[in-house]
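Engineer: Could you put the whole structure together from the sequences, leaning on the hints where they help?
Using full-length UniProt numbering, read the first sequence as starting at 1 and increasing by one per residue.
Among these hints, one or two may not hold up.
[Claimed, not checked] Subject to a maximum C-alpha distance of 27 Å in a straight line, what follows is the list of computed DSSO-like cross-link-like pairs (lysine-lysine):
#1 K4 - K155
#2 K496 - K525
#3 K369 - K283
#4 K229 - K525
#5 K283 - K466
#6 K232 - K267
#7 K417 - K463
#8 K466 - K267
#9 K417 - K369
#10 K422 - K248
#11 K283 - K255
#12 K196 - K589
[Unchecked claim] Per label pair, the in silico range of CB-to-CB distance:
#13 G377 - T72: 45 to 55 Å
#14 K589 - N646: 34 to 44 Å
#15 G464 - Y239: 13 to 23 Å
Hint data in this document are derived by calculation from the structure and do not stem from the laboratory. Beta carbons are placed, not taken as given, at the ideal position from N, Cα and C, and that holds for glycine.
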Amino acid sequence: MAPKVLMVAEKPSIALSIASVLSGGRMSTRRGSTEVHEFDGTFQGFHVHYKVTSVIGHVFSVEFPANFQDWTVTDPLDLFEAPIHKVESNPKAHIGRHLSQEAQGCSHLVLWLDCDREGENICFEVIECTGFRVNNSRRVYRARFSSVTEKDITKAMSNLVEPNKHEALAVDARQEIDLKVGVAFTRFQTNYFQGKYGNLDSRVISYGPCQTPTLGFCVQRYLQITTFKPEKFWAVQPYIIQKGYELKLEWERNKLFDSDVAGMFQKLIMEDGIVEVTGISEKQECKTRPSGLNTVNLLKVASSALGFGPQLAMQLAERLYTQGFISYPRTESTSYPSSFDFRGTLEALVKNPAWGSYIQTLLADGYLKPRSGTDAGDHPPITPMCSATEDMLGTDAWRLYQYVCQHFLGTISPDCKYLRTKIEFSVAEEIFHCIGQCVTIKGFTSIMPWLGVNETNLPQFTKGEKIEISKVDLYEGKTVPPDYLSESELISLMEKHGIGTDASISVHINNICERNYVQVQAGRKLVPTPLGISLIRGYQCIDPDLCLPDIRSFIEQQITLVANGQANHSLVVQHVIQQFKRKFSYFVKQIDEMDALFEAQFSPLSDSGRLLSKCGKCLRYMKFISSQPSRLYCGTCEEVYYVPQNGAIKLYKELACPLDNFELLICSLPGPQGKTFSFCPYCYNSPPFEGIDTLFGASKAGGSGKLGKGAGMPCFLCPHPTCQHSVIAQGVCGCPECNGTLVLDPVSAPKWRLYCNTCNCLVFLPEGAHRISTTKERCSECDSIIIEVDFNKKTTPLKDGATLHIGCILCDELLHSLVEMKHGKYFSKRMGGRGRMRGKGRSGYGGRGGRGGRKLEDPKMSFRGF
DNA sequence: GCAAGGTC
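Structural biologist: Shown next as structure tokens:
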């Protein structure tokens, strides 16, 4: 059997391109975690079987181990010394397993990851997953390609090299530094300020070496605006009438900040009354065509001209790319490779009705080579790949695609040429001028009309000519502050200072919006919020480095030493981490300075919120703080209790939890399918029973069993044996869809329903009943809890107008006929037909945990026969 | 609930 060669690309589209080129299109493709393309060919002179597949970006990301995950237990300072480990970035995609399976039986591995540091790092992630290098007879190669073209792919294939460990280690270093610094500061700030103020309006007060300087730029502009002092100025504006045109003359002095002096000039000029033409000059000017389009410039135009935020712009560009309309949209390069096939690209677009005729002219008259821009060695500039119409793309994608096309055509069109005429005048020894512009060659501005030169015609003048002044105005103006930073300006600043990459700039901008540090206002201007301003001003007081862009360049410069092999990875990491640790300690020590700014902006927890429910410890009312993260605050005990987020919270009939005496609350999640459930604020935050491994609202906590803060145990997960609100009392039967238990919704009247305490399954009970409640009895047939229904007198289905009915919703014929099941995911409506459900004999807690009380019975509830 | 970097 022919030896097998595994090739791995960074994304599925590249795997497809590589396989297509190397197989000449003759390959078979099968699905897996990502697609695998297979074909036969030759490798180093041997006949081999190729398998080409891909990862989806990084396979792993770094994290702290579980014992450093609890915000309340871990001192953020310890994070600097904490171990870190790699976890799969997207466990659901099973990329690790996929690579390991596909590597089985392969003798060679060829790495086709993008040719940058990150790509080099992913190379080693792939090597780790495939288990290569364990066995010396298996070889690992790196393909270096500068574009996904047939030429480059074949060239890379015949010039295979080794992956670069130094570059990969530089990325490891960056990951560790970013994680430790970001998480330490974020946790400290969040804990400190959220424990003090009730109206911060941000779930997390984050810090990061990219996001914070990004915010810094916005606040810096804001501070320029607020500290701006306007000044009045004056300008003399004489008017003349020449050949029937009225012309305003521009003053050589432009403006003066003294009204008396300006007034004096006005008087002098009025007294003279005659201007003399002292000079006429004509100059040929040139406005150069653009160079190739890179990501950052695309994002800037998208924001300033199309009104698309960077995130939307990238989404649209990504889609255009995967659909084959434009080339890879994440590139720094603005210069085209010398081999680039411009004619081919033009021919691919020539049929387009929007600019077909323009392209025909270019092809006929000869297009130009683009100006040389910068070549970052990644991907070529963003270029249209095939023709499209608005109908094919939809409005937004079309507008972006249209710009990409116009920009591309602009790059190979002639420059714009125009004649600039300046007429100089003199009056009372003061000099004035006016300017005319006349386009001689439109060039690229005919396809990018918004960049066109404004034409202004001037009437004829002759040197020495004397003209009477028709009037002399004294213009009074005042200087104005700059506007808020536009998103497009911010992108320029980020690029200039190396904050983020072409792929991540949009993420950082989005971040500072989501954290409520800035708001995007009309015209995509970024206006910092009181929170954003307080943070940056605080850093400026304590340690300005923390919010300056240099913090990123410092990290970059340090890890570049690793990438170049000039410094040892661990030593660099240690050095940088120690520096940040010192900065962190100082920041913590001086936090009062930042706090003074917060005090002026925000209200203390004790002043926030409304009284809602009683604390079980001191029996006084606690305050409900509705701003994110919503929580209860007991002013007497000075304790904070988080509540389920995103739901409406209210008091539950002044009932109290038998375990701790805290008053119960009701949470209603939004939407008609939203659960409504009761919870005890204390139990919710500190589940009292062992063995509860399902938490409500816990995010990707995984199976670690660690209880995340703000995620917890509502009554529907509580195994309390006698409390009337627990799942033991309110659970009716096993969920037909999952391992959960169907629980009676306590406040669903009159549309009584059961919901699953684990998944989204919903079951509607007889509508219009006065009361539906669980009993302590179980069905002799199926072991479900017997329910008691008190029907409405007018609508009761019972004989002789009786209203009370007791039975099992599965086995009682009447009840069963009135029950209806609904599930969002799999079926919209499913009437209770017989014998269609799986019998799942279990409920929430049987056989597990419950060590705190008696062993919980498994009531063996099921939907048998439903 | 945390960073920044890939990519979807």
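Engineer: So, for every hint listed, does it hold in this structure?
Structural biologist: How the hints compare with the structure:
1. K4 - K155: holds (21 Å)
2. K496 - K525: holds (19 Å)
3. K369 - K283: holds (26 Å)
4. K229 - K525: holds (21 Å)
5. K283 - K466: Between K283 and K466 the Cα gap is close to 24 Å, so the pair holds against 27 Å.
6. K232 - K267: Holds, because 19 Å separates the two Cα atoms, which is no more than 27 Å.
7. K417 - K463: Within the cut-off at roughly 26 Å; holds.
8. K466 - K267: holds (19 Å)
9. K417 - K369: Holds, at about 17 Å.
10. K422 - K248: With a Cα-Cα distance of about 13 Å, the restraint between K422 and K248 holds, given a limit of 27 Å.
11. K283 - K255: holds (26 Å)
12. K196 - K589: holds (17 Å)
13. G377 - T72: 45 to 55 Å: The hint (45 to 55 Å, Cβ to Cβ) holds, given that G377 and T72 are roughly 47 Å apart.
14. K589 - N646: 34 to 44 Å: holds (37 Å)
15. G464 - Y239: 13 to 23 Å: For Y239 against G464, whose Cβ atoms are near 21 Å apart, the range 13 to 23 Å holds.
The structure meets every hint from the earlier list without exception.
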